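Colleague: Here's the letter readout for the chains.
Protein chains: 4
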Amino acid sequence: MIAELRERIENYSYLGPKGTFTEAALALAPEAAGKPWRAVNNVPEAVQDVVEGRSVGAMIAIENSIEGGVTASQDALASTPGLRIRGEYVVPIRFCLAVRPGTKLEEVTTVAAHPVAYGQCRRWLAEHLPAHSHLPASSNVASAEQLFEAGVDAAITPPTITEHLPVELIASDLQDNHTAQTRFVLVGMNQQVPEPTGRDKTSIIVELPEDRPGALLEMLEQISTRGINMTMITSRPVPDKPGNYRFVVDLDGHLHDARVADALLGIRRFCPKLIFLGSYPRVGVVLKQADLAHSDERFAAARAWLASLEAEDAQDDRASSPSV
Amino acid sequence: MIAELRERIENYSYLGPKGTFTEAALALAPEAAGKPWRAVNNVPEAVQDVVEGRSVGAMIAIENSIEGGVTASQDALASTPGLRIRGEYVVPIRFCLAVRPGTKLEEVTTVAAHPVAYGQCRRWLAEHLPAHSHLPASSNVASAEQLFEAGVDAAITPPTITEHLPVELIASDLQDNHTAQTRFVLVGMNQQVPEPTGRDKTSIIVELPEDRPGALLEMLEQISTRGINMTMITSRPVPDKPGNYRFVVDLDGHLHDARVADALLGIRRFCPKLIFLGSYPRVGVVLKQADLAHSDERFAAARAWLASLEAEDAQDDRASSPSV
Amino acid sequence: MIAELRERIENYSYLGPKGTFTEAALALAPEAAGKPWRAVNNVPEAVQDVVEGRSVGAMIAIENSIEGGVTASQDALASTPGLRIRGEYVVPIRFCLAVRPGTKLEEVTTVAAHPVAYGQCRRWLAEHLPAHSHLPASSNVASAEQLFEAGVDAAITPPTITEHLPVELIASDLQDNHTAQTRFVLVGMNQQVPEPTGRDKTSIIVELPEDRPGALLEMLEQISTRGINMTMITSRPVPDKPGNYRFVVDLDGHLHDARVADALLGIRRFCPKLIFLGSYPRVGVVLKQADLAHSDERFAAARAWLASLEAEDAQDDRASSPSV
Amino acid sequence: MIAELRERIENYSYLGPKGTFTEAALALAPEAAGKPWRAVNNVPEAVQDVVEGRSVGAMIAIENSIEGGVTASQDALASTPGLRIRGEYVVPIRFCLAVRPGTKLEEVTTVAAHPVAYGQCRRWLAEHLPAHSHLPASSNVASAEQLFEAGVDAAITPPTITEHLPVELIASDLQDNHTAQTRFVLVGMNQQVPEPTGRDKTSIIVELPEDRPGALLEMLEQISTRGINMTMITSRPVPDKPGNYRFVVDLDGHLHDARVADALLGIRRFCPKLIFLGSYPRVGVVLKQADLAHSDERFAAARAWLASLEAEDAQDDRASSPSV
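Sequence order for the protein chains is A, B, C and D.
FYI, in UniProt numbering the residues of the first sequence are 1 to 324.
FYI, in UniProt numbering the residues of the second sequence are 1 to 324.
FYI, in UniProt numbering the residues of the third sequence are 1 to 324.
FYI, in UniProt numbering the residues of the fourth sequence are 1 to 324.
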């Protein structure tokens with residue numbers, strides 16, 4: 001019944017309201033195009049939508065988020081059985097100054113902004129609006145909505161705000177850091193791993209066994225001895241277990257690559273608390289090709305060799321063939 | 001002149017206003033007790049105070065912050081030459097509901113809260129104040145200040161708010177996650193490394209050379225072959241260098257421990273972009289003792305042995321002593 | 001036909017003549033008991049007997065031999081396709097002084113001895129027969145045969161000589177080194193790997209790929225990451241390839257132990273010149289138990305976990321069962 | 001007194017008699033040219049000459065010897081305190097057929113030969129002298145001396161025999177293996193390490209601590225993390241300690257190379273039974289250059305960096321200089 005229901009459900013959840021960076025990330029996901037989107041209040045709510053079948057996918061921030069939620073995302077991935085990453089999406093962090101159409105920069109005295117966004121644009125504000133006052137907003141979109149309330153002249157918002165509200169952008173790239181970007185992942189409960197595309201990554205979470213000194217290095221060796229490149233690693237203290245760590249790790253390659261499957265087997269053996277978060281196409285170019293020595297062909301050749309070690313009868317058959 | 005000025009400066013900067021978790025962390029630092037504190041707007045501003053000599057120290061969040069700034073802190077540590085961590089402080093994340101004295105919970109209709117704090121208390125709010133409306137605040141302290149404006153009945157604040165404002169707490173532990181805590185570090189420009197206490201940690205940032213496959217494992221082996229325990233590792237993309245990573249790493253031990261100094265030498269040799277952030281007392285117990293094989297005594301014994309390999313003349317002198 | 005012939009052939013070859021340490025080793029092999037034994041002149045001849053079907057097994061020295069042949073044995077194992085070690089046997093190196101019955105030590109003036117054996121007993125000879133003269137013999141048995149020629153009073157021989165010749169031993173343990181022993185292996189062409197006994201070792205020869213720096217360490221990590229203990233390693237220059245090495249390696253464990261098979265797969269992938277020499281019961285106690293983390297059970301559990309990662313339909317079936 | 005005596009002693013000991021491969025190796029050592037040479041009976045005797053001051057050097061076989069002694073050499077190096085390798089010398093193993101001048105091959109019926117040499121030439125003998133009989137000799141030189149006794153027509157000897165005896169060589173390259181060679185080392189008690197030549201190797205013997213699982217890999221990592229190439233490794237059971245091993249290891253590089261000294265320090269710390277056997281010029285070309293990352297310059301730069309971490313006062317001095 002739930003499975004049937006799930007098939008009919010097509011919602012995607014994201015940290016709302018409309019106009020957030022998270023929504024911009026969701027707009028990059030082809031599978032969400034044309035489907036209903038649910039704006040929710042925070043990451044746990046988005047994940048819960050997926051777990052309880054209200055949505056088939058949730059877009060959550062996993063790295064460098066301006067809208068918060070990275071820690072919540074990591075903890076949700078570590079503690080929600082069955083959750084899988086379906087794809088990753090990267091959104092540059094850019095802020096604009098939005099006004100009611102016609103307002104000029106010199107007329108601005110009060111700026112509505114989410115406190116975190118406000119903190120990211122201080123340098124620009126100090127230079128261009130040294131005398132402004134700040135009105136806090138609950139989100140990067142709510143700030144623009146406040147333009148239509150009394151006493152607000154400008155709002156700090158993402159560039160996409162003009163798709164949602166009748167506002168005008170009179171300045172852009174207000175943020176201090178011009179290369180910042182947030183990485184998001186789209187998560188679902190569907191366990192079918194997508195086919196390899198040739199430029200995939202695999203995400204795992206490993207909680208190291210506490211009784212095993214050197215376990216981190218042992219874990220990393222399981223990865224490196226298969227010639228696999230690691231693109232991210234973050235340690236996180238395990239809640240309620242002082243001194244224990246789990247590691248969120250991204251690997252180059254796909255579960256269907258023999259070297260990746262073999263590395264997961266190697267980690268799983270000494271480290272039963274291994275969570276497979278998914279294999280999915282990575283954003284950006286793959287910088288390092290896997291060594292030929294760790295190709296699927298080599299795995300197959302090695303297995304064939306191992307099998308041949310005991311193929312005694314076959315060999316004896318050849319030896320005793322009529323032609324001898 | 002600057003040095004003299006610095007001696008007279010005793011300010012400590014922190015993310016204000018008074019009443020933030022960052023201020024609570026600063027209150028834990030013995031060296032800041034009784035000195036003037038400067039509340040600033042964000043992490044880069046706090047760090048800049050130190051760099052430019054306005055303060056001798058800045059308290060900044062380095063892990064799991066509710067007030068933002070972790071990424072900014074890591075980037076400031078990576079890009080500010082000479083910055084040193086002087087100590088670490090851990091503050092539990094706890095939120096209370098503050099009201100004007102006499103207000104009862106059932107009278108509350110509007111709640112002022114920093115959007116991130118608000119997001120952390122949704123479960124409690126849904127249960128106890130299902131019908132409230134949210135007024136965003138620019139900080140966890142500004143929310144309480146709004147109690148004295150029209151239309152606000154309650155504010156979400158840290159428990160310390162009562163030290164700063166004449167408010168009453170009518171509920172506590174509102175946060176969804178009851179074990180959350182933020183780790184802060186106190187940074188300064190003073191290069192003198194504090195004496196070892198026996199329970200120290202050492203923080204470094206390593207930017208791996210891009211032309212060296214397996215460099216991460218090589219770096220970690222430099223640590224593990226000296227028997228050093230790693231307590232945190234986080235990869236961060238290097239701004240403007242796609243595919244390059246720097247790693248923020250915490251090690252058990254002090255720069256004055258021979259094994260730690262030797263590991264830094266080992267990393268520095270193949271990885272010139274190594275930043276030493278400091279050795280300082282760690283919070284909490286040390287869970288793993290360093291192996292005897294990596295003790296200072298062993299380092300000294302090995303060096304004496306190496307020196308003896310060429311002490312030919314000394315041996316011949318003994319051999320040709322009068323008694324022979 | 002060859003196969004049929006082989007079944008009827010029961011010979012065992014060894015470095016003769018009767019009475020050598022190699023024959024003593026062959027006497028330890030249960031499968032050779034009661035079968036015809038062929039004394040041959042050297043290790044290559046013994047191996048050739050097996051390759052060409054004249055014998056089912058050959059006993060050859062592999063470590064510390066007093067009778068020569070270790071290098072020849074290693075080279076034969078490396079260059080003879082299909083050769084397999086069936087078992088190992090350790091014989092202590094002990095020399096006696098044999099005489100014609102009735103001869104007394106003080107009557108001995110000429111000692112027949114194989115030059116290598118003679119070199120091992122110089123201390124005893126200098127003490128007990130300071131004035132003797134040495135007559136070289138072609139083997140440790142030929143020396144005793146010379147007792148029945150004119151001019152030889154005594155012979156240096158293994159203790160087993162009395163089983164072959166009517167001689168008397170008037171002194172024993174003549175050898176300078178009282179703990180020396182030779183390790184032998186029994187080799188054959190039978191590819192069927194014997195069943196594990198719980199105290200097995202596995203021998204391999206690995207020729208490292210020349211284009212891969214760090215290949216030796218990579219090879220050893222394939223062994224160590226599976227928790228396998230290595231009991232012997234010897235590098236040997238590859239004939240005609242200056243600067244290339246092959247390594248003769250003994251591992252604790254059996255090919256049927258999942259961790260050993262997996263390690264061989266790992267080595268084989270980057271190092272195609274891997275020769276499996278056999279899994280066979282080891283002599284002596286096993287000193288280190290394999291870690292539980294590398295047990296067959298863990299390998300099976302890890303594989304089951306890997307398989308479950310894509311068992312989506314099975315899980316959905318459960319989810320959509322009638323009871324829901 | 002001993003030191004003075006030593007200065008006057010110039011003897012070099014070798015496994016005699018004149019004409020052995022060991023003597024041929026000694027002829028390659030420039031420092032032995034023109035000095036008196038002592039022919040001794042075996043490796044321990046040669047080493048004892050050095051220990052007790054009768055010789056300044058002893059040439060002993062260390063790999064692949066046709067004249068025996070490799071095991072004895074390794075054990076002497078492991079158990080003789082103060083012994084140092086001064087140089088290595090490689091001699092190809094070639095055997096000739098020597099006769100009294102005028103004898104023709106077809107006249108040969110009896111061949112004198114050391115049994116080991118005889119074993120190495122069986123193929124040639126089977127082809128060219130199928131009906132000969134073998135008379136054992138005590139060395140590869142004694143065989144030729146027997147030509148002047150009744151009943152011996154030919155002798156198997158090294159090519160250099162004509163320098164010592166009035167014999168004629170009527171066939172050469174009799175040995176089955178045409179690429180065989182023996183590696184010798186010249187050992188002494190002089191602890192002064194010779195200056196680096198740029199193509200040096202360093203030999204050590206390591207007895208692993210028994211209580212430390214994974215000690216072999218840990219030892220090898222100390223070598224590999226400094227970018228050092230290992231050119232030989234051989235495990236040897238420790239006499240009287242079942243299950244314990246020592247490893248004879250050759251490294252590319254010289255004790256005066258910072259990376260080699262640092263690797264020895266690293267091994268020495270966890271493995272006190274480390275014997276330094278010497279740094280000396282290697283035979284043959286160096287195939288792999290050490291990585292720049294492990295150059296002396298990098299070691300120096302890293303140490304300077306480490307020192308600078310605490311050079312607080314120096315920096316403050318600069319900061320407070322009059323010009324500021």
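Heads up, a few of these hints could be off.
You can't tell identical chains apart in this list, so a pair holds if it fits in one copy or across any two.
[What the hints assert, rightly or not] Under the rule of at most 25 Å between Cα atoms (straight-line distance), these lysine to any residue pairs were calculated in the SDA-like manner: (1) K18 x T110; (2) K18 x H134; (3) K241 x V108; (4) K18 x L306.
Worth flagging that the hints you see were computed from the coordinates, not collected in a lab.
Every value quoted in this text rests on a predicted model; they were computed, and no experiment measured them.
Colleague: Hint by hint, say whether it matches the structure.
Modeller: Cross-check of the supplied hints:
| no. | hint | verdict |
| --- | --- | --- |
| 1 | K18 x T110 | both (23 Å within a copy, 24 Å between copies) |
| 2 | K18 x H134 | both (22 Å within a copy, 18 Å between copies) |
| 3 | K241 x V108 | neither (51 Å within a copy, 37 Å between copies) |
| 4 | K18 x L306 | neither (57 Å within a copy, 39 Å between copies) |
Of the numbered hints stated above, those contradicted by the structure are hints 3, 4, listed in ascending order.
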